[in-house]
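K.L.:
Chain residues, written in single-letter form:
2 protein chains.
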Amino acid sequence: MLRAILNPASVAVIGASSDTLKFGGRVIRFVVDHGFGGRIVPVNPSATEVCGIAAYPSLSAAGGPIDVAVLAVPTRFIAPSLEECGKVGVKGVIVITADYAEVGAEGKVRQDELVAIARRHGIRLIGPNCLGFINPHLALALTSSVALAPKPMPKGDIGIVSQSGSVMASMITNARDVGAGVSVAASIGNQADLELCDFIEYFADDPLTRSIAIYAEGLLDGKRFIGAARRCREAGKPLVIAKSGATEAGSRLTQSHTASLAGAHPVFEAVCRDEAVCLVDDPERAVMAAHVLARFGAPDGDGLAVLSPSGGTVAVAADRVIRAGLRIAELSASTAARLRQYIPPTRPLNPLEFGGLATDKSFEVNTEALGWLRADPNVAAVLLAAASAPQVDAKIKRWGEIALAGEKPVVLALCPGSLVDRGRADLRALGCPFVNRMDDAIGVLRAIVDYGHALRRSRPNVQRPSAFGDVKAVADRLGGGTLTEHEAKSLLAAAGVPVTREAQRAPTEDLAAAAAEIGFPVALKVVSRQVSHKSDAGGVQIGLADEHAVRAAAATIRDNVAQRAPGAIVEGFLVQEMARGELEVIVGSRWDAQFGAVVMVGLGGIYVELLGDVQLALAPVAHAQALAMLGALAGWPLIGGVRGRPRLDSDALADAIVRLSWLAAELGPRLLEFDANPVLLRRAGEGLIAVDARATLA
Amino acid sequence: MLRAILNPASVAVIGASSDTLKFGGRVIRFVVDHGFGGRIVPVNPSATEVCGIAAYPSLSAAGGPIDVAVLAVPTRFIAPSLEECGKVGVKGVIVITADYAEVGAEGKVRQDELVAIARRHGIRLIGPNCLGFINPHLALALTSSVALAPKPMPKGDIGIVSQSGSVMASMITNARDVGAGVSVAASIGNQADLELCDFIEYFADDPLTRSIAIYAEGLLDGKRFIGAARRCREAGKPLVIAKSGATEAGSRLTQSHTASLAGAHPVFEAVCRDEAVCLVDDPERAVMAAHVLARFGAPDGDGLAVLSPSGGTVAVAADRVIRAGLRIAELSASTAARLRQYIPPTRPLNPLEFGGLATDKSFEVNTEALGWLRADPNVAAVLLAAASAPQVDAKIKRWGEIALAGEKPVVLALCPGSLVDRGRADLRALGCPFVNRMDDAIGVLRAIVDYGHALRRSRPNVQRPSAFGDVKAVADRLGGGTLTEHEAKSLLAAAGVPVTREAQRAPTEDLAAAAAEIGFPVALKVVSRQVSHKSDAGGVQIGLADEHAVRAAAATIRDNVAQRAPGAIVEGFLVQEMARGELEVIVGSRWDAQFGAVVMVGLGGIYVELLGDVQLALAPVAHAQALAMLGALAGWPLIGGVRGRPRLDSDALADAIVRLSWLAAELGPRLLEFDANPVLLRRAGEGLIAVDARATLA
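Protein chains in written order, with the numbering used here: chain X, 1 to 698; chain W, 1 to 698.
It is possible that part of the hints are untrue.
[Stated by the list, open to error] Only pairs whose alpha carbons sit at most 27 Å apart, straight line, appear in this in silico DSS-like list of lysine-lysine:
#1 Lys151(W) <-> Lys397(X)
#2 Lys361(X) <-> Lys22(W)
#3 Lys22(W) <-> Lys22(X)
#4 Lys151(W) <-> Lys151(X)
#5 Lys22(X) <-> Lys397(W)
#6 Lys22(W) <-> Lys397(X)
These are calculated hints, taken from the structure and not from any lab test.
In this text the structure is predicted, and so the values were computed from the model without any measurement.
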């Protein structure tokens, strides 16, 4: 269906006019001027001809079949026009008009009406609040914005989808500026019917599309997005995304802009990592990365070669590469030997300054060094930073030819502004990707190296762990709302995660007896659903050595809580063994509105808060995935052992992550959040123990 | 002197030729073609005329005075030509030729010869291994590179200095591309004589220069750089620097490129922060930031307004702003009220999407919103991200006019590529700064906000602390080399930093008696200059409760050290009180080759290593500076108290930093490095204690 809409044989413009100050006038003008080869149907009740084409008073008068129609009519006529489209069997309708869900509840009602009409007739809607689409291969610009319809439209193999029409204009222009072309570029606005994933799936199957560049504000259906990403991966088509809403400020804007709920960005990032989606910082860079990936594919490693005719430029590039966490490759002996024939012994070979050589073969070395470095088996991708140099134009052209003759990604950075405009024109003509600023070179390399790494990871073998209890039954017994520590731990225990020996007692019961049974020393904790941070309220006493100490501690806790959390109901006390471990960690889960159950792990105590050093993944996860999450923590050396510190039980921790992920996956939306915090991690082979836990059931 | 050289009345080109394939031919051609108005003296033994100007067989034949000469002769004639320049009283000589100190020791010898000749004659040298300079105000291009001599050269108020000629070409071109101009741009190469700071000082005094953009690889004299930076600050001229050599890969390159030793980059960063030098990531961005600062000055706060006609673009911008650690301002009520007249209630006001308004005043609101937001007292700087929109060209032009009519920095980001080329041309004509990528907008804003903050900090009142002993006398007694813990602590104690009670004993002496005197429990540590990490070698035993435990521990330590550090000589044992505290911190000092004594502080134990969370400053520091260093640590909340944690003794820690900084400053290059690690920090009012220390004296 979408194929027919995006590759129509016939196009109608309802509200077409010869006046390009009107929006229906611009739409029909672009269709006609670009030379669309299919049937063009202008509809206007008061004109017999528009832009030299016979016009019809109504769509019915024109007669079908019509593949796609643009509704360029005042808002009040949108719904009736849509009904008319339905009657003549139009397949797809573009609603450019704004003032729908993005302005609030009342607009949402109007939008839902449109969708209802469309569904009734089997019409698919693009928009509302969008700018239409272009298909340069058909010379078709179905848009009201001149910015989307440059002449000529850049024909090529990048599929573009954007929730923002204006951002799409920038993506198309930037594509053209760097010599990239577009298969189809679609602006999808409020996604009332056809949504981002419809277009991703279209591009995954479209033979003209080699890579996909997306600007997204919010995903309507996380699971579907994952499915679409997998389809792209199976089709061998890189999916590159820039997504706004990463911060609260950005998120508030996306809501008012295209009625998008941004969702938790760290979860989106985790999904991109696990599903091999190439994530970049901004929409223009998405186009650049998609272009590089379409031409060269993904790097098959992380070793970079960095070179420039200018020593200054290559020094800047090397600093930026290293600071971005990228790796400069160690060259093989044969590459080194070949380079050393021409490069003075005082110069490093990678990063390489190849300018100013005292040889009559200077031009050849300047151009061929790119190929020599790329051919090195240790090099996965190349950053060549152009700079002012003799015959720079001829060199840039030759670099483009050499780059395109190979399979490994080459990022040409043309930083010296208009000084290398001639080189840009040559690269555009060749179809060789380039960028204009070092930021883009580094950003593209960082993104494609990560993408290549994601592609090489094998799909995990996710299996339900053994000795995993009936957590649903436990949850049923617990009911809903905020759980007490003891209740939360009963879920953990059912999932097979070790918890402290403990007993909960009513305020009037004998705490000392319970303590004696557990064995001294013990900890005593207040039980109160109104006290979410027990320590802050003075509700925890530890290291209680005997019965007397336990009774005294209970009194202290009562006083503290009465003072610091007035009104909190003390339901009882939790008597607990004093557990020991080497390191505090947090293992938790969240229910994400877009993607569902998510498991997380981080270094415990204050470090998660201060440093945000956590790793996330969609639940459930496999043991190998859990280990990879641990390895990706900045604090991993604290677990893995470093500078004389003991190696801790990473296997036990990975197992706890797996179990908590299954707990979250099995309870689904019932488990809103779960935190086992702290979990005390012990030395390798000695396991771990969860000392405290919090949970909220729906 | 430098003024006369950079603004010469007469210019000689030794080796001038009419053949522009020759380097002397290009130099004279650029001088003539740009229309330099002063005296032009081509020197060529075998021509009577070059480029239509009478040539002389020798400089002596031409006769003086000559302000500046370029030596465009083969390497073997450089020294004799320089001698000849000396004889006729040339003030400055440019040596473009390479193959000097940057190729190693032998080249350094040849370079030193040139300097000796120059000194003998009172000549100042630019280069060698440089590309000369341009002075667009005099229409003078003294360079062999066409890239430095675009026609017309961009005349303006940014002073440019670069160690790399090729990078300078890119800076000049990027300046021209964004409508900025140059007062003088000088490429300084190996800085054999005239160095970076000579040019900074020149620009600080030059009435045509309003801001300074620098690409540096290494500083020859850190103290002089600080002096030059202060001179710029006093002159009210922003000094913007991009420096390579931040990483080891970059540093190796700068050495082979312009014979520059990069020095420790974190120290350079600390100097820039303290001396109000605006630090940016790359040379092109240095020009952009210098342009913004020249037009608008520095922001007087950190509150940003972010706006765009496009909801998508402003969402991307807002995310980037927040992720860069910048702050979006809370608007005042009156600004909000004014905006709300036109902006629908569902949209936030800052960041602001001002496109697609349903008002007949849409154009006015689209253009004037910039001025309204800038006028808000809570707004210190504005980021306006252009996007495809109706009448975008007219809007961009108007934004430029509004921006230039005010005093607060406005960064116009023109991301939609060639779609807004017309707007670019208008902004260039207006002289209004702009950038083309969001990265540059964010990078410039981050840099100028930090720069503004640095300008507002008052100069610290650095005073020698009371009760600070004669550390030089202590150092004299200790001699040189790696100190033992006990020796290092004697320096700390002399500086007035509390250290553990302890006694060092020879292997044969009675450890138990020493322990009894200190009071049980004690710690026992091996004393051996060969063991740098005592714990790793099993050379530390703690919590020894009685004499028996002390004797057993000594035996264990002997065994451990014999096994793990074979060959290490055990000089004795250190018997030490068991000290307590809430948090481990490190306070240290380093002797930096460029800047001298540096003091550092970080969270102790593994976190400095893992997270690199340290703060540096040149020694000595004032108490207020030391407190500011603590506040800038990522781990500051661990010291300042957070989530029920106690507030620790930040005053005592600041005092220790001050004392260590004075220790480092007074010992100067004798103290190569000092680490008090760990220092146990206690609760507010309870002080701290240094438990271990290492030091190396020269």
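K.L.:
Evaluate each hint against the coordinates.
P.N.:
Results for each hint:
1. With a CA separation close to 24 Å, the supplied pair Lys151(W) and Lys397(X) stays within the 27 Å bound.
2. Distance hint between Lys361(X) and Lys22(W) is fulfilled; the C-alpha atoms sit about 18 Å from each other, no more than 27 Å.
3. As the CA atoms of Lys22(W) and Lys22(X) are separated by approximately 61 Å, the hinted pair breaks the 27 Å bound.
4. Annotation: proposed proximity of Lys151(W) to Lys151(X) is violated, straight-line Cα distance about 31 Å (limit 27 Å).
5. This hinted pair checks out: Lys22(X) and Lys397(W) have alpha carbons roughly 25 Å apart, not beyond 27 Å.
6. With a C-alpha separation of about 25 Å, the suggested pairing of Lys22(W) with Lys397(X) holds against the 27 Å cut-off.
Hints 3, 4, counting from the list given before, are not met by this structure.
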